[in-house]
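If you read the protein sequences in the order shown, they are chains A and B.
Quick note on this note's numbering: the first sequence kicks off at 1 and runs consecutively.
Quick note on this note's numbering: the second sequence kicks off at 1 and runs consecutively.
If you're looking for bench data, these hints aren't it; they were derived computationally from the structure.
Check the hints yourself; a few may be wrong.
Unchecked claim - From the structure, some residues in chain A lie toward chain B, with a derived Cβ separation under 10 Å: (1) Arg86; (2) Val90; (3) Gly298; (4) Leu365.
The beta-carbon is built from N, C-alpha and C at its ideal position, and this holds for glycine as well.
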Amino acid sequence: MRLLRFGKLGLALAAACAASAPLQADDFAVPPYEGAYQPQGEDERGLWMMADEDERLLRDSRLVITDEALNEYVRGVLCRTIGEDRCGSVRLYILRVPYFNASMAPNGTMRVYSGLLLRVRNEAELASVLGHEFAHFELRHTLWGFKRARTGSDLVAWTTLLGAMAASYGGATSSSGADIQTSVLGTIYRYKRDHERAADLLGFGYLANAGYRASAAADVWRGVMNESDRSAEIRGRRTNRYDSVAFFASHPTDLERADTLSYFANRVQGGEREGSDAYREAMAPWREEFLKDQLMLGDFGASDFLIERLAGEQWSPDLLYARAELYRGRGNPRDLVASADFYRDALKQDPDLANAYRGLGLALLRTGNRTAGSEAIKIYLDRVPNAEDAGMLRMMMEQ
Amino acid sequence: MNITTRMRWFALGTLAAVAATQPLAAHKLREAGVTVEVAKSDLTVTPSVAWNRLNPRTGKDNETWTLDGEELNDVTFYGQVEEGKTLLLEVDKRNRPLPRFSDTMLLTDIPPMLETTYRIARDLRLFEITGMEPAELSGHKAIRFTYEFVGPDEVRRKGEADAAIVDGALYMMTYEAPQIFFFDQSLEKYRQLRDSMALG
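Just chain A, same shape as in the assembly (with noise of 0.2 Å):
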């Protein structure tokens, strides 16, 4: 019965996507919590103990996030999203993984991404991916998408057994059995597909009933694909093409996400609320982290964007300071000259940014400017005397 309701909004979402029949404010209606869930028959009783036991060796991985206060603070904007009743299915994790993801596992084991933390800019956006992850643990995804992986998989090595045999026979061709293999592959990728378009009507409908600004959902992925864009641009490939869907995605394009997000902002009551404040002040101890965890791939287009997204209207110093280090981190002649542009303009909002003349000192030695470069230096060594680096400073001053 709850599954079937389930399918009914899978429906409802479909239709929506094919924009035949307009959604209504109901359709975003979270249906009543049934409690806890404990797994129905052979196949999801086997994929919650697989869980189960990725579950026991993510709890001891070094990758855990363990600080309390972040938990807390992330577990709390799930609950306000999902609500008190269904978030008490949750065990969350914390990873320190610099990449935009967050995933659900069918036991109720909810993984987020560092990288999300840092791409995301206030409550209403975070909540908006974590209502997704969650709604395809409520509507049992992993079990559907596994019960027509197998049977897709069964039909292709049927197909290819009797194709085989028909073959021996002189009756058929190979090819014949190669596109069955084709056409069974794309079901299970449309499927998939299917399932992310149910999980972002649900995901919405909680965002909505939270109280949070409906278009922050499409925030999100607007901002993956401008991020998406400036990396490839910066490294002279082809930026993605948005308007199509590969024949093996797994998840629509990020512009369908976009729109269909968009489409169901103007349709929803939604709240005001958007955490800003809360959500900056909470990631503060963290963000120096994540930005040089970002820093570290080497992604200068990425990076480039994600600071500028951060920024807004508002460079602050951390951010000032994140963007020097990554323009003297490329290191071209340019990047050089700019990137002291920026350490002085941090230094010009926090004098006391004592890590912020470490790096103008060592891009003015990089252009050539030792004496500029030592003074620099010398001003935070005067700071900061006991840094680890300290005598390879002052080895290069001498230089």
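Guided by the hints, dock chain B onto chain A, whose structure is given.
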């Protein structure tokens, strides 16, 4: 030809193929007290104990030695890495290109270059530079730095490296081993190798 005969020919063919490829993939013993050139460059070292040189190489300008086995205690030599070259072989040049050495780099730019290279090529999530100090490598001014990282196998490893830029090219030696037991066990043997290094 019956099935048994066919299987015999298949087994013989497999053995021949393995035998033919063996010399290419073989590791090589580096004997104690014998001075050898490393990393296809004018770097030489004289080990005090026997080491194993691993094949295949992980980069065009490097070679890796080990005492007990790959990733248990690795010493990697980078010889004459020139402008525009990477430290390791590209893993996904189109989407995640490795950083390239530039002859305008300062010595303090080398540790971050190694970090980014490792994060991409070895798929590391956690990497921390824990210290850096001035050093000498075969009479040239150098940087000595230490670091820690966790790879996909979740083992915490420690590293110590020495790097110098000579005539616009990078020369570097790194030593890496699991933090538990292995790092301390072979550290002195690495340092002996480093101190025996001669350039040109």
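Do the hints match the structure? See the list:
1. Given hint, A/Arg86 at the interface with chain B, is violated; its Cβ is 30 Å from that chain's nearest Cβ, farther than 10 Å.
2. With a cut of 10 Å, the hint placing A/Val90 at the interface with chain B is violated, because the nearest CB-to-CB distance is about 23 Å.
3. A cut of 10 Å between beta carbons decides the hint on A/Gly298: the least distance to chain B is about 4 Å, and the hint holds.
4. Taken as an interface hint, A/Leu365 checks out: its beta carbon lies about 6 Å from the nearest beta carbon of chain B, inside 10 Å.
When held up to the earlier numbered hints, the structure conflicts with 1 and 2 and fits the remainder.
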